[in-house]
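Colleague: One-letter residues, chain by chain:
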Amino acid sequence: MTAVMIVFGILTLASACGVVCSRQPVHSALSLVATLFLVAVHFALLGAHFVAAVQVLVYAGAIMVLVVFVIMLLGLDANVPEGVAGWGSSFGALLTGVAAVVFGYVAISGRSFFALKEGAEFWAVDGTTAGIGANLYSNHIFAFEVTSLLILAGIVGAVFLGIEKKRPLKAGRGLKSMQAAQKEEALR
Amino acid sequence: MAAEILIVVLKAAIVLGALLHLAALTIWVERKGSALIQDRIGANRAAIFGFDLAGIFNTLVADPVKALFKEDWVPKGTSQFLHSMGPFLAAFPVLVSFAVVPFGPPIISGGKEIPLQLATLDVGILYMFAMGSLAVYGVVLAGWVSNNKFSLFGSLRASAQMISYEITMGISIVGLIAIYGSLALDEIVLQQGKVFRVLGLPIPAWGIFLNPIAFLVFFTSMMAETKRAPFDLPESESEIVAGYFTEYSGMKFLVYWLGEFAEVVVASTLVTLLFFGGWQLPYFDIRSIPTNLWGYLPGFLGFLETWNFQWAPLVGAMIFGAKVSFFCVLQVIIRWTLPRFRYDQLMNLCWKIMLPVSMLNLVATVALLLGGFFSLE
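If you read the sequences in order, they're chains S and V.
So for the first sequence, the working numbering puts the first residue at 128; every next one is plus one.
So for the second sequence, the working numbering puts the first residue at 467; every next one is plus one.
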């Protein structure tokens with residue numbers, strides 16, 4: 128079991144590196160798919176089959192397809208302009224380095240910076256479908272409902288943005304009216 | 467321990483072998499069946515000693531050998547590696563999704579039950595959906611890596627279509643899962659051995675009787691997921707050459723093709739498992755077949771008096787295979803009967819008709835369930 132975990136851990140890290148290291152956006156996206164899939168493997172190894180299946184179904188199967196779809200639709204390729212690495216990238220690299228040192232220290236020494244409170248203990252969460260369902264709809268029902276409201280707001284917003292306007296807008300607003308104005312100009 | 471490993475290896479061989487053989491035979495049914503439907507002769511060129519076995523030698527021996535020896539052509543200016551990954555990514559998720567299919571009642575050996583299912587997951591149906599949702603990458607990658615506008619159009623169409631129909635496919639069966647109360651496929655099949663009563667009449671608790679609207683939506687969505695006519699927009703020959711696999715030749719093309727037919731088999735399997743009782747027969751529990759048939763047999767078979775054999779797993783697997791084969795053939799017939807949709811019709815069907823219908827169906831099903839209409843006994 129441990130050997131399987133180590134092998135898949137290395138694979139996960141390798142594909143995660145592939146996300147940031149490859150110049151082709153499509154390669155990055157495919158590496159991210161692989162990473163998300165391999166994280167699901169870790170969930171499955173921990174016995175949380177439901178979470179593993181949902182991880183693949185939602186992240187690797189649905190969200191990443193949209194990402195790949197958009198990358199392909201926009202025709203992005205490897206022509207990344209030189210000199211994009213500004214202060215933001217340096218700051219990110221610094222943060223990542225600090226995180227790597229901290230995680231490495233914890234992993235090697237086996238100690239945590241954040242000691243557990245007196246009397247606190249870890250407990251195994253029931254990873255089965257029934258266990259997650261019971262937990263989600265009793266202890267976390269408020270968070271669950273609020274999240275669904277948030278998603279609903281997102282859907283309404285997307286529909287509002289995507290809806291086709293029946294009446295033409297005032298000149299200068301919206302792509303269609305702009306095109307119409309250009310057409311008129313060309314006719315003149 | 468060794469025996470357990472042997473059992474798992476055997477089961478894996480049976481499951482993978484059955485899937486690939488069914489897919490190959492579906493290819494033959496497609497080639498010869500389409501010829502019958504269109505009043506042609508169909509594949510009849512290859513024969514061994516004058517026997518062509520109704521085209522089996524042609525479609526299942528000569529064509530793959532030809533594909534193996536063809537030149538493997540990769541378009542210029544793309545990654546050879548990703549080009550080769552395409553067919554693999556398209557076929558792999560389909561093949562592994564068969565691992566959770568229960569294809570018969572358990573064999574009882576030495577007091578232990580050996581389930582006829584490679585992996586008894588408690589989220590079997592979600593696992594199959596998850597693997598199905600990964601199948602889109604093979605198609606998307608093929609279109610992008612081919613360096614060809616037709617391929618790109620094909621894969622863009624495919625990804626939009628597959629994502630849209632995944633939604634209706636998922637929503638349509640939520641009601642059924644609520645009735646059966648489980649995501650495990652073996653449990654769902656067991657539940658379908660029960661009956662429910664309408665006006666006092668016992669009706670088998672198959673999904674098709676519990677929820678016929680869900681069956682229509684689900685079957686249509688599965689047909690769209692397999693990207694075959696009338697939903698074959700991603701590869702429509704008359705518009706975009708061959709769609710996403712335009713630039714694939716030889717064995718790579720054949721792997722795409724085999725993956726597509728394996729998807730047909732998986733679709734038939736899901737329909738059988740969820741709506742047609744899996745290996746169960748209506749009103750008759752095949753597990754009650756006695757292991758010793760002595761007493762049911764005519765007199766001259768008296769030497770079988772001491773012969774015991776567990777008929778239930780064998781009969782169950784055969785019933786399951788027959789049901790799956792029926793839906794494979796049905797899909798071939800539908801593919802050669804209906805014309806192709808236009809793209810806006812395809813999207814309207816999914817988002818404006820099937821999605822509202824499946825949602826209303828879900829609400830109605832749950833209301834009936836809470837009202838005690840679907841009390842399985």
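In short, the hints are calculated from the structure, not lab data.
Just so it is clear, CB atoms sit at the ideal spot from N, CA and C, and this is done for glycine as well.
Take these hints with a grain of salt, some might be off.
As the list claims (entries may be wrong) - Below, a sample of chain S positions facing chain V; criterion: calculated Cβ distance under 8 Å: (1) Gly145; (2) Val153; (3) Val160; (4) His176; (5) Ala187; (6) Ala189; (7) Val192; (8) Met199; (9) Phe230; (10) Ala234; (11) Ile235; (12) Thr255; (13) Thr256.
As the list claims (entries may be wrong) - Pairs of lysine to any residue residues, derived as SDA-like cross-links and limited to a Cα-Cα distance of at most 25 Å, are as follows: (14) V:Lys542 <-> V:Thr757; (15) V:Lys542 <-> V:Glu703; (16) V:Lys615 <-> V:Thr757; (17) V:Lys578 <-> V:Val475; (18) V:Lys615 <-> S:Val185; (19) V:Lys532 <-> V:Ser715; (20) V:Lys542 <-> S:Leu201; (21) V:Lys818 <-> S:Ala189; (22) V:Lys615 <-> S:Phe218; (23) V:Lys542 <-> S:Ser155; (24) V:Lys818 <-> S:Val286; (25) V:Lys615 <-> S:Arg150; (26) V:Lys660 <-> V:Ile643; (27) V:Lys536 <-> V:Asp505; (28) V:Lys818 <-> S:Val185; (29) V:Lys578 <-> V:Leu835; (30) V:Lys818 <-> S:Phe287; (31) V:Lys536 <-> V:Ile522; (32) V:Lys578 <-> S:Gly174; (33) V:Lys818 <-> S:Ser155; (34) V:Lys477 <-> V:Gly576.
What the hints assert, rightly or not - Partial list, computed: chain S residues near chain V (C-beta under 10 Å): (35) Ser155; (36) Ala180; (37) Leu184; (38) Gly188; (39) Met191; (40) Leu193.
Colleague: Confirm or reject each hint.
Modeller: Okay, the hints, checked on the actual structure:
1. Gly145: Hint on glycine 145 of chain S: violated, closest Cβ of chain V at ~13 Å, above 8 Å.
2. Val153: Holds, because the Cβ-Cβ distance from valine 153 of chain S to chain V comes to roughly 6 Å (cut-off 8 Å).
3. Val160: For valine 160 of chain S, the interface hint holds, since the closest Cβ of chain V sits about 7 Å away, which is under 8 Å.
4. His176: Holds: closest Cβ of chain V sits about 5 Å from histidine 176 of chain S, inside 8 Å.
5. Ala187: holds, 6 Å
6. Ala189: holds, 6 Å
7. Val192: At 5 Å from the nearest chain V Cβ, valine 192 of chain S passes the 8 Å test, so the hint holds.
8. Met199: holds, 5 Å
9. Phe230: This hint is violated: phenylalanine 230 of chain S lies away from chain V, its Cβ roughly 29 Å from the closest one there, beyond 8 Å.
10. Ala234: This hint is violated: alanine 234 of chain S lies away from chain V, its Cβ roughly 30 Å from the closest one there, beyond 8 Å.
11. Ile235: violated, 35 Å
12. Thr255: holds, 6 Å
13. Thr256: Given a least distance of 5 Å, the restraint on threonine 256 of chain S holds.
14. V:Lys542 <-> V:Thr757: Roughly 63 Å separates the two Cα atoms, so the pair is violated.
15. V:Lys542 <-> V:Glu703: With a Cα-Cα distance of about 23 Å, the restraint between lysine 542 of chain V and glutamate 703 of chain V holds, given a limit of 25 Å.
16. V:Lys615 <-> V:Thr757: The hint is violated at about 61 Å.
17. V:Lys578 <-> V:Val475: holds, 18 Å
18. V:Lys615 <-> S:Val185: Given pair lysine 615 of chain V, valine 185 of chain S is violated - Cα atoms ~29 Å apart, limit 25 Å.
19. V:Lys532 <-> V:Ser715: holds, 11 Å
20. V:Lys542 <-> S:Leu201: holds, 21 Å
21. V:Lys818 <-> S:Ala189: Holds, at about 20 Å.
22. V:Lys615 <-> S:Phe218: violated, 40 Å
23. V:Lys542 <-> S:Ser155: holds, 21 Å
24. V:Lys818 <-> S:Val286: holds, 14 Å
25. V:Lys615 <-> S:Arg150: holds, 22 Å
26. V:Lys660 <-> V:Ile643: holds, 15 Å
27. V:Lys536 <-> V:Asp505: Between lysine 536 of chain V and aspartate 505 of chain V the Cα gap is close to 30 Å, so the pair fails against 25 Å, i.e. violated.
28. V:Lys818 <-> S:Val185: holds, 23 Å
29. V:Lys578 <-> V:Leu835: Outside the cut-off at roughly 35 Å; violated.
30. V:Lys818 <-> S:Phe287: holds, 17 Å
31. V:Lys536 <-> V:Ile522: holds, 21 Å
32. V:Lys578 <-> S:Gly174: holds, 24 Å
33. V:Lys818 <-> S:Ser155: The given pair, whose Cα atoms are some 34 Å apart, is violated under the 25 Å limit.
34. V:Lys477 <-> V:Gly576: This hinted pair holds, its Cα atoms lying about 18 Å apart.
35. Ser155: Cβ of serine 155 of chain S sits 13 Å from chain V, so the hint is violated.
36. Ala180: holds, 4 Å
37. Leu184: holds, 4 Å
38. Gly188: Check passed: Cβ of glycine 188 of chain S comes within 3 Å of chain V, closer than 10 Å.
39. Met191: holds, 8 Å
40. Leu193: Holds: closest Cβ of chain V sits about 7 Å from leucine 193 of chain S, inside 10 Å.
Checked against the numbered hints given earlier, this structure breaks hints 1, 9, 10, 11, 14, 16, 18, 22, 27, 29, 33 and 35; the rest are met.
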